[in-house]
Each structure stands twice: as structure tokens, then as C-alpha cells.
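*Asks:* So the sequences go chain by chain: A and B.
So the first sequence is numbered by full-length UniProt numbering: it starts at 1 and just counts up by one.
So the second sequence is numbered by full-length UniProt numbering: it starts at 1 and just counts up by one.
A few of these clues could be false.
Unchecked claim - Computed cross-link-like contacts, DSBU-like style, restricted to lysine-lysine with a CA-CA straight-line distance of at most 35 Å: (1) A/Lys363 <-> A/Lys347; (2) A/Lys351 <-> B/Lys359; (3) A/Lys110 <-> B/Lys359.
FYI, nobody ran anything at the bench for these hints, they're computed from the structure.
Computed from a predicted model, the values in this text were never measured in an experiment.
2 protein chains.
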Amino acid sequence: MARRWNGWGDDSYIKEVPEHGERLIRSVIGETKALKDASLESVMAQVPESRLPQHPLVVTAAEDRVRHARGQSFPDWLAMRSGKFGVFPDGVAYPETSSQVRELLDYAVKHDVNVIPYGGGTSVAGHITPQASARPILTMDLGRMNQLMDLNEESQIATFGAGTPGPLVESQLRARGYTLGHFPQSWELSTVGGWIASRSSGQQSLRYGRIEQMFAGGRMETLQGTLDIPTIPASSAGPDIREVTMGSEGRFGIFTEVKVRVSRVAEEEKFFVVFMPDWESAKTAVRELVQNRVPMSMMRVSNAKEARAHLHLGTKESQFKLLDRYLRLMGLKDERCMLTFGVTGSKFQNKASLKQIRKTLKKHGGVGGPLANIMGSIWSHGRFKFPYLRETTWARGIAVDTLETATDWDNVDQLMNDIESALETALRSDNEDVMAFTHLSHMYSQGCSIYTTYFFRCAEDYDGTMERWRKLKHKASSVIACGRATISHQHGVGKDHAPYLMAEKGVLGMRMIKTLADDLDPQGRLNPGTLLEDSQQADVLATPVKGKAETQH
Amino acid sequence: MARRWNGWGDDSYIKEVPEHGERLIRSVIGETKALKDASLESVMAQVPESRLPQHPLVVTAAEDRVRHARGQSFPDWLAMRSGKFGVFPDGVAYPETSSQVRELLDYAVKHDVNVIPYGGGTSVAGHITPQASARPILTMDLGRMNQLMDLNEESQIATFGAGTPGPLVESQLRARGYTLGHFPQSWELSTVGGWIASRSSGQQSLRYGRIEQMFAGGRMETLQGTLDIPTIPASSAGPDIREVTMGSEGRFGIFTEVKVRVSRVAEEEKFFVVFMPDWESAKTAVRELVQNRVPMSMMRVSNAKEARAHLHLGTKESQFKLLDRYLRLMGLKDERCMLTFGVTGSKFQNKASLKQIRKTLKKHGGVGGPLANIMGSIWSHGRFKFPYLRETTWARGIAVDTLETATDWDNVDQLMNDIESALETALRSDNEDVMAFTHLSHMYSQGCSIYTTYFFRCAEDYDGTMERWRKLKHKASSVIACGRATISHQHGVGKDHAPYLMAEKGVLGMRMIKTLADDLDPQGRLNPGTLLEDSQQADVLATPVKGKAETQH
Chain A
1 MARRWNGWGD DSYIKEVPEH GERLIRSVIG ETKALKDASL ESVMAQVPES RLPQHPLVVT
61 AAEDRVRHAR GQSFPDWLAM RSGKFGVFPD GVAYPETSSQ VRELLDYAVK HDVNVIPYGG
121 GTSVAGHITP QASARPILTM DLGRMNQLMD LNEESQIATF GAGTPGPLVE SQLRARGYTL
181 GHFPQSWELS TVGGWIASRS SGQQSLRYGR IEQMFAGGRM ETLQGTLDIP TIPASSAGPD
241 IREVTMGSEG RFGIFTEVKV RVSRVAEEEK FFVVFMPDWE SAKTAVRELV QNRVPMSMMR
301 VSNAKEARAH LHLGTKESQF KLLDRYLRLM GLKDERCMLT FGVTGSKFQN KASLKQIRKT
361 LKKHGGVGGP LANIMGSIWS HGRFKFPYLR ETTWARGIAV DTLETATDWD NVDQLMNDIE
421 SALETALRSD NEDVMAFTHL SHMYSQGCSI YTTYFFRCAE DYDGTMERWR KLKHKASSVI
481 ACGRATISHQ HGVGKDHAPY LMAEKGVLGM RMIKTLADDL DPQGRLNPGT LLEDSQQADV
541 LATPVKGKAE TQH
Chain B
1 MARRWNGWGD DSYIKEVPEH GERLIRSVIG ETKALKDASL ESVMAQVPES RLPQHPLVVT
61 AAEDRVRHAR GQSFPDWLAM RSGKFGVFPD GVAYPETSSQ VRELLDYAVK HDVNVIPYGG
121 GTSVAGHITP QASARPILTM DLGRMNQLMD LNEESQIATF GAGTPGPLVE SQLRARGYTL
181 GHFPQSWELS TVGGWIASRS SGQQSLRYGR IEQMFAGGRM ETLQGTLDIP TIPASSAGPD
241 IREVTMGSEG RFGIFTEVKV RVSRVAEEEK FFVVFMPDWE SAKTAVRELV QNRVPMSMMR
301 VSNAKEARAH LHLGTKESQF KLLDRYLRLM GLKDERCMLT FGVTGSKFQN KASLKQIRKT
361 LKKHGGVGGP LANIMGSIWS HGRFKFPYLR ETTWARGIAV DTLETATDWD NVDQLMNDIE
421 SALETALRSD NEDVMAFTHL SHMYSQGCSI YTTYFFRCAE DYDGTMERWR KLKHKASSVI
481 ACGRATISHQ HGVGKDHAPY LMAEKGVLGM RMIKTLADDL DPQGRLNPGT LLEDSQQADV
541 LATPVKGKAE TQH
């Protein structure tokens, strides 16, 4: 696959948007006009001379530096499309071993260089975006450390190079009959080391767990030496070092080899889509299923707005009309919600699970029928394709972004409504309407994640479009930070979420993270600005929200 | 219940040891002679004058100080039985609210006092044993903070005072139809705050998880202020502060209110005991069940030595003979192992689980029959009574202790054999034989815990007995520390395990924990000597084992 230099994924793949889908979006946000893209050549021409001293592992060619300058956040997108990158790394290294990573860290200390670890470059929160710095910046691309180094079948532990991307994780394991089962939407590109460093969660977390449940140990190279975390199934011996390194986003060190808990490939896996009469019945059904511990591999509930948008964006108009007629016939009208779920396991257990699931869904008025299978299978085939949508709508002047959080069940409705309404009204002063819709996914007995997609109209120019996004992001993030929720359930903090982190961690929690970072990296050389706001932090967002969860004595 | 001042649990309960059980122990360790117990009065007479300045919440009466001076580790036991306590706390406080805890911490700073948090006093690793100190020592007993403060049924989160012991946790929840499901063997006395501070695991962790999976958030009072951890189902926003505080064993602060994830009481719960032909078949069966994710609430495999000992210690001789004859008839001879397991859930799911379990056990030669139910029910009725055994054997000059660890499946046999043989041979230079046996419990896809019980003969006097224990503990702990395992799967570090912690955490991991402790408690006022070896540390054990898992650059 040839990777898009200025957008998502495979250059040759295009996700079509059906006309009635585009009409639906325009019915909310109005007519749009596309902005002009910059060319790769014009961006390469801007790349300044590298400030890095020579090293055999360090490449300073312009294209490498352009291709490692940005992730996939909306500001990253605007930078790539406008060609206004601002800052480029001074060079890119492609280490192949832990000892080369060590060598590069030693080089960084010796020559006073900052280091940004780079996995798949899929961050949607600005993790790998360099900020202006008096020190030269080296981006360390771990993509050549992509091998299954060991598979212990008895203990079901696999050792991977940290830069192994999703498809190479699965293909190497499946050749031996195993799976990791970690499928974030970014799976085609994101890497196992990145998943760990930013605490990722995959679509089938209900069976396989979050990356926290998979990460068993491994090696992190820090500026103070190598941290080897042994694999132990569980321990009561003090604070968990694994849990301290997960989510450290390159601030404490760089993962080079990681050991993950794997499973035998399941005998059977099935996905289904069922429609529920309304929001309350849909939400209650999934809550009951997860709180009753019915073995399943995923559940997702699209609210009425998302159900409508997905059916418009994912089907031909004629198909949609047929489905709509059928559902109305069954009594499901405009309030209907869409429940996607999966079972993964032995045929015997899946059958037992499906019996329990059907009983619960029936109780709450679910309508599935023969369509449930077909639509489930469509979902599973398109599950990694959503990010390509931005490419298609962008060409029509429609900007799209998503945001996500997690909260307890008793707060789900309030928070979801607050987020959607914050987005819908954020641009009212500009007379702009925003289209927002939401699904719940990643179900826990305590609560779930809330994932909201929003479309808005590009402004006349890039700066205006960025300004619109800033308003949207800040308003929604403030609602989250003040709303008993996490600033990110599955995408990490990066630079975009750093101003809102204190509301979750508290003054003392922030202090604990900062204390560790300062001890391991006293000169602030590793991924500055990410996770913790540093003085140099680029002004990505407006006023930070400070936490109220804490009282200092 | 009146609590024993110098041993385990309820003063009125006596666990009988059948004669053929005692014979079995003596057949290994030889004839024994009991040591003389000290009286409470004689110990109270030793208590020195308190060095604490007056405070309305601080009690300095001798009996309070005696009853809070020791936990339940073997050295604690010897101290309580010999009356040689060494150090007593200078006073005990019984705060009833978070703000009283804060007030006491302020008092500690103002008057240069050390503070030991005390939950149920059930530590088996020296967590709450005060060490000699120039500063006065205040033990803070949280036992009056024992109320269910809130139950959110929708999000299934309960808020408890940190000092709530197991029975009060469950009775308050069950009155509302809920359970926490955390049942460590110490359940009758240990507290929810203690479980969190020392990363406890309960017997039904296979269904309910370890305390790490239950702890959702709460309040810790530190010397730098209050740390309020919000409840969020899951977060990718940076290192997990919950996981940093769990296992901090009083070094970072004192939990006052804790929020835990609870479940509806299950429709049905059943326990079974099945016999397996040998170790390999038993171990493989449980590994297959857990790796295939069959929903169960517990599994425990006693090796042949433990199966034999348990049947001798837990049944009358006539019962044992009948059972033995039946099992031999079924082809299970001396190599037979005992598998105890439970299912908890809906009747429908339990039935499905039992079908899968029976298939697996049959494949591996398991023998259950009508006895499986009866013996399972006996296990569940006696599940919290094992700790009382020490009282009974002690009166006959037989010392007993246990130790536990966890490791990956591929290392289980090696480590179990090494631990047993380390114990069996540790006293050879004294011409003493030791009886050791083991079970596996707390099954994970990656591995399991290994729990070994050992009996040895009391020496002529207390000092000699302590010396024997030191040798045993050090030898087994060294085997664990060098054996790809944790120094504790479920009992924490305390003072007894602190010398062995570096092998698991590494130089950098230890540094991270120490950095946090120094930042939050720069004067080392909170529970010194626990978790981290401090300079003042009493010389409980011999030479510490330093880690090899780490290389310093």
C-alpha cells in the first residue's frame, strides 16, 4: 500500500459518500466550498536545513521529515492540506533494534536533541507533532521493529517489536493460530507500541480487554537506562510499573519490545445489527448485557441521529428506503437506534450467549430478523474504513472530526446531550450549524465510552476553518472536563487534550506524573508538550480548564 | 465476636485438627513440643510511656497499643506469643471521617510523628508493624469508617469508608441485592481500604477480578493534600493514578473513602471438588479452561501433597478411608490432585459453563461424581477458616506459615518444585525436616498464583523458632525473586518482602516508586520501612536479593 502523505491510509482507497448521505449533511450545515490542497512538492520546498549533527541512523531528507511531521488530528489535517506545517522534525531515524534506540538516545543527550517517538503516525491528539524548539528535533520511527520475536504458546505471550502495526501483529500471530484481538479503528496503521504508550482500546475490548489487559511487560529505553518489565500474571507487590508506563506517551521513555497476552483464534465470530425502538431501550439493553456479564466481544449503540446518518452514509438510497419501510412497518420510527454487537468464542458458548442476548433484546423491543446478520457482516467488513471518510467529504468542503470520552452509566445521557449540544451550538456566533451524532461503545459494568462525530462547513480559508475547529474542540472538551468524564477513553492526551487533563487527574495526580517525568527526563527532552503542558507548548487551544476535583491543603 | 489479641480471628472459634492429620505432619517433621505463651497482662506491663502529645482523637492506653502493634505475619505471631513485641505504637487514633484523618495528619506534621495506617490488622508481611524510631508513632485505625456511604445502582458503584471489613461490606450490599465479590481468606477481618492499599485478590477473582478491577476511585489523604480519584470506567488519559495508589501500602497517603464496582447478587453459585489423575492433567485442565474463557468464579488445584494433607486435615479418618478407597477404585492413586472450582451467575450461564467444564475435565481424566457437590459445599463453608489452623497446631509445637507468588504457565512447575524443595531442605543443617505442599489458584490466561503451605517444628525457644522461619522465608523468597515471579500475588510487600522487591520492579521501577514517595512524603513519615526499605529498617531478614532484570546506563 502506498500511504497518503497528507491524509489517512492507503492512497488508492476511496470511501464513496452516497448522494443522499451528502444531502443529509448539507441539509444541516448548508452548501460548502472546498479549500485548495497544497502539493507535496511545495511542502518539501519549505523544509529548512536540518540542525541535527550527522549520525548513520539519522535521515534528514525533506520527504522523510514531511511525512513524520504530523499525525491525524484535525489541526494536523489542516496543516497537511494547507501546507502550513509550521515545524518539521530536523531528522528521522529508523532504528531496527533496542540497542539502536539506546544509541540514538545517547546521541540525543550528547548533542542536546529532543526526541519524538513515532509508531504509525495515527495520533488524533497531536502526540507526534513537533513544537518549535531551540533544540533540534529527532523523530524516531519504530516502524522497522515490526517482528514477532517470540511466541510462548503455553503462557500465551507474544513478544513484538514496538513498531509492529495491526496487520503485521495479526498476520504473524494467525500464522500460528493466535490473535491479539486488538482492533482500534486505526488498526491498519497504528502500532502495538503506540497502543501501549497511549492506552488504546480496540473494538472488541469486551472480549479481549483494553491494551492495559493485554500488555504483559517489555522493554522501555529511558534516559536513565533500560526499564525491563517482567511478565507476571498479576502482582500485589507495590504500585504497578506497567500501569505507570502505559499512557506515558513518550515522556518517560520509548518502548522497543513489548510482550502482549494473546489468545487462540476463536472457533467462531459473528456480528449483528439490531434496531431498538428508542434510546432508553437501547441503552438499557446494553447495560443489562454487560452488567450480567454475558460473554460478547463488542457492543455499540448508535443514537437515533447516528443511526440515521450511518444508514444514509453507508447504503444506497434505494437500500435505505427499503430498510426504512421495513423498520417502520415493525413499529420503529424516527427514534429508532442501532445496536451493533458481536460474539466471539466457541460455537457452544456463542450459542449460549446469543440465547441470552436475544432474550434481553426482545425484552427491550429489538428488531433484527434476517437483516441482523447481513448488516453485521457489512459492519465488520467496513470497520476500519471510517477514517477514509474525511478524505471524501474534504474534497467537498465538508470538515469532519470525532471526539470521545467515557463516563459512568448514570451520567451517560446528560454528558452525551451536553457534548452534542455544545458542538451543535459552538459556531452559532458565526451563523454556522454543526451536525453531530453519537454512539456508545466499549461497555463496562460501570459505564461506557461516548463517541461523537461532527460535520461542519469549511470556512473561506484555512485559518478560518482552524478557528471553527478550535471553538468546537474547546467547547466540547470543556463539557467533558467538567462532566465527570475522561478527556479521552481511547486516543490519549497528546497536545490537544493536555490542557484538560487536570480536571481528571487532579492537582496531585498531575504532580505525580510530572514528578516522574522530571526524574526520568530532567531536561524535558522526550516528546515535550505531549501529555504534560510544557512552557513551550504551542497554543493549540484556548483557555485551559483547571480541575475542581482536587483541594490542596 | 471477641477478637484474639495474640492470634487469628474470633476468640471462641477453634479449628480442630483430626488425629490422622496431626500424625501425617509428625511423620514428616517429627515429635514436637509447644512453646509457652505470654499473657496479655505481661505484655501490657511492658508498654512504655507514650511520646505523643495529647490530642482528643489519640488514645494512649496500653491495651490499644498492644492490640495495634502487630499483624499476622509469622514474626508478628512469634512476637505476640512470646510477648517480645519490641516496639509499640505510641498511640492509636480511631478517626471517623476523612477530615479527622486530615486533622491527624496535620497533627503528625506539627509534632513530628510517624503514622501507620491500620485496617483489619491482617497483614502477613509486616505492613503495620512499627519499627524503632526517634519519632513517636501513631497508628491510625480506620475501623470506625465502616459504612456504605452511597450505592449507585445504575453505575453499580458503592462508596465505603476505607475501614469497612469484609462482612460489613457484604452485609450492607446484600441488603440492597448487591455484592462486591471480594473474598480473600482474611475476609472476616480485612478491610476494603487495606485490600486496595495492598492490592488484594479474593478467592473468586476469576469472576469478580482482583481489587484492581473493583477499585473505581476514591479519596486518599496525603501530606500534600487530598487526592480525589474520580470514577471513570476506563481512560486513555495518561498513566493511571488509581494504579499508582494501589499497592502504595500507606507510603503515599491514607485511603479514607473508596468507591468499588459491585454486581447484583448472582442467581446461583455452586462449588465442586473433582479429583484429577495427576499433576499434569490437573494443571492442563485448568489452563485450558481459563485460556478458553469459560465463565467460572474460581479454580484451585491442589498438588498431590496438598490433596493428601487437606484430606487428612479436613476429614475424619473414617471418611478419608472411604474416599481414598473410592478414588483408588476409580484408578486415582497417590499422584491424584484435587481441583476445586465454582460457577457463579445466572442458572442458564452456569449450566452452559458446567457443560464446558465437564467436557474438559473428562478429557483429562477427572473423577467427580456425587461427591463433587458435597465436597464443594464443604470447601465453601470452611473457606475462611484455614487461618485458625495456626492456633491449633501452635498449641502442639507445630509452626505453620504460607507463602505465595504468581508466574507464567511455562514456569509454574519449575517454580513450584523449587519453592517446595527450598522449604523442605532449608533446615537440613539443623537436621530438621519441613512439610510443604502447594496449590495453584487465581487462574489467568498467562499464568496463575502458587500458594505453598509449610509446617516445621518449633525450636527449643522463640529465638530458635524465629531463626528457623528466617531461613525458610529467605530461601523461598530468594527462589521466587530469582524465578520470574512476583514476591507476592495477593499479600503485598510490607516489611518482610521489601528486600526482594527490586528483582521484580528493577532499579528504575524502584526509583519511580521512591521518587513518588519522596515527593509526597519528603520526611518519610508515612509507614516507614513498608514497601521500600528505609535506612531504619529492622533487620527482619538476611541478605537482600538485588534485581538482575535491570541494566543501568
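*Asks:* Each hint: holds or not?
*Replies:* Each hint, compared with the structure:
{"no.": "1", "hint": "A/Lys363 <-> A/Lys347", "in the structure": "24 Å, holds"}
{"no.": "2", "hint": "A/Lys351 <-> B/Lys359", "in the structure": "17 Å, holds"}
{"no.": "3", "hint": "A/Lys110 <-> B/Lys359", "in the structure": "62 Å, violated"}
Hint 3 from the earlier list is the only one contradicted by this structure; the remaining hints agree with it.
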